[in-house]
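For reference, each letter of the sequence shown is one residue, going 1432 to 1830 in the numbering used here.
Bear in mind the hints are in silico, worked out from the structure with no lab data behind them.
All of these numbers come straight from a predicted model, not from anything done at the bench.
Any given hint could be a false lead.
[What the hints assert, rightly or not] No farther apart than 30 Å at their CA atoms in a straight line, the calculated lysine-lysine pairs in the BS3-like style are these: (1) K1666 / K1562; (2) K1642 / K1532; (3) K1642 / K1628; (4) K1519 / K1562.
[To be verified] Listed next, with one range per pair, are the computed distances between beta-carbon atoms: (5) R1751 / G1803: 24 to 30 Å; (6) R1726 / R1823: 53 to 59 Å; (7) T1651 / L1824: 46 to 52 Å; (8) E1588 / E1769: 52 to 58 Å; (9) G1786 / T1716: 27 to 33 Å; (10) R1751 / E1641: 53 to 59 Å.
Virtual Cβ for every residue (Gly too), placed ideally from N, Cα, C.
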Amino acid sequence: MNDEQRIANTRMSPLSENLSDARNDVLRDSRNPGRNGIGPGMIRTMRTVRWAIGAAVWWTATAGATIAAPSLDVGDPAPPLHIAEWVKGKPVDLSRDAARKIHVIEFWATWCPPCKMSIPLLTQLQNKFKKDVVIVGVTEPDARGNSPSAIRRFVREQGENMGYTVAIDDGRTSRDYLEAAGALGIPHAFVIDKNRKIVWQGSPLDPALEKVLSGLVAGTYDLNAALLEKKVARKLEELNVRAQLGQWQAVWDGLIDVLRMDPANEVAMDALQSISVDDPKMRKTFEKWVRTHIRQHRGNPTVMRRVAEMLCNIAELEHRLPELAIEAARAAYEASPEPDARTLVVYARALYQVGRLDRAIALQQDAVARAGGDEERAEFEAVLDYYKTCRRLQKQLEN
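With the sequences and hints as input, model every part of the structure.
Below you can see the structure in the form of structure tokens.
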């Protein structure tokens, strides 16, 4: 089997608990730097690029994981429901009902512990969105005790705790949804909008389900953004495999492709930066990419803030690019009609790193005033105190 076949046939597996922790370290430290502007997780984690990429894929793939190249995916029309028996609630016909309500089609079984955990959550969602959403729990009889009589008894015993529609599949619904989507297990849910399109799929235990439903009800859910997120996740999955095969040029090129699709993707940015640290030949290429990215996206405050955060988080002093960090941070600041606290924080950090303490302190004070909560305010105040200490020491040394 050649490398291309390996990539085509390899699916991201649960590499380890540490991989998930690594992903959390990367994102936590890039968004929430410590007092010195460099989080310990960022220093530790970004030394290995495949961990950064793999962690992003692991985060995306764990809830409602699917195999590659499914025939049913987000953005596709929802197949009809083929039901042998409606155990609870009114029958649902998507050809008739989809235009009137948002639907959640969730697959479960009586023997499945995570399915049982999801039941109260689905009931809460049904109660919260009862005017706009219909939740249907679909289960297929099997040889593991999930017989029609066992299903009826289970639903009866659950009573109001299972406060949504329940149906017994005739076999075709599971085939047309679960198998077609390449779902690896249950519980697994599909959200169908009023255009009868699948707009989300995954575990009903995933908090994202409630956010998707809230967005659909409010009319703010962006299907195109969801499709882009999925496309990026699959690209990162491929790059994780290439990294494990040591195909670093292909990884680099793929990360550039990710950033063309999603210019603010922090995982791809951090991975590029890490490659440039590990491979001296790529440092000039990295610097050129940063300059180009700033020029192309100067008017996008989110992209500029994330570029600045990435540059300020470089652990090794000899690899930092302070001029570009300031340029990106300033661009983020100037592109924001009302700069948010994080933009102010990274601009202050970039100026602090070149000794502009008075301006850094002023920006950090503004960030404290705009903090989103007590925890964030305390974090910003700690950084502010550090800058003030540096300025006091600077003045003492000047005398």
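The hints, checked one at a time:
With a CA separation close to 38 Å, the supplied pair K1666 and K1562 exceeds the 30 Å bound. Annotation: proposed proximity of K1642 to K1532 holds, straight-line Cα distance about 17 Å (limit 30 Å). Proximity of K1642 to K1628 is assessed by CA-CA distance (about 17 Å); at most 30 Å being required, the pair is judged to hold. Taking the CA atoms of K1519 and K1562, the gap is about 18 Å. The hint holds against a cut of 30 Å.
A C-beta distance of roughly 28 Å is found between R1751 and G1803, which places it inside the suggested range of 24 to 30 Å. Distance hint check for R1726 and R1823: the Cβ-Cβ separation is about 38 Å, which falls outside the suggested range of 53 to 59 Å. At about 48 Å, the CB distance of T1651 to L1824 agrees with the hint of 46 to 52 Å. The hint said 52 to 58 Å for the Cβ distance between E1588 and E1769, and at roughly 54 Å that hint holds.
At about 29 Å, the CB distance of G1786 to T1716 agrees with the hint of 27 to 33 Å. Between R1751 and E1641 the C-beta distance comes to about 41 Å, which lies outside the given range of 53 to 59 Å.
Comparing the model with each numbered hint stated earlier shows that hints 1, 6, 10 do not hold.
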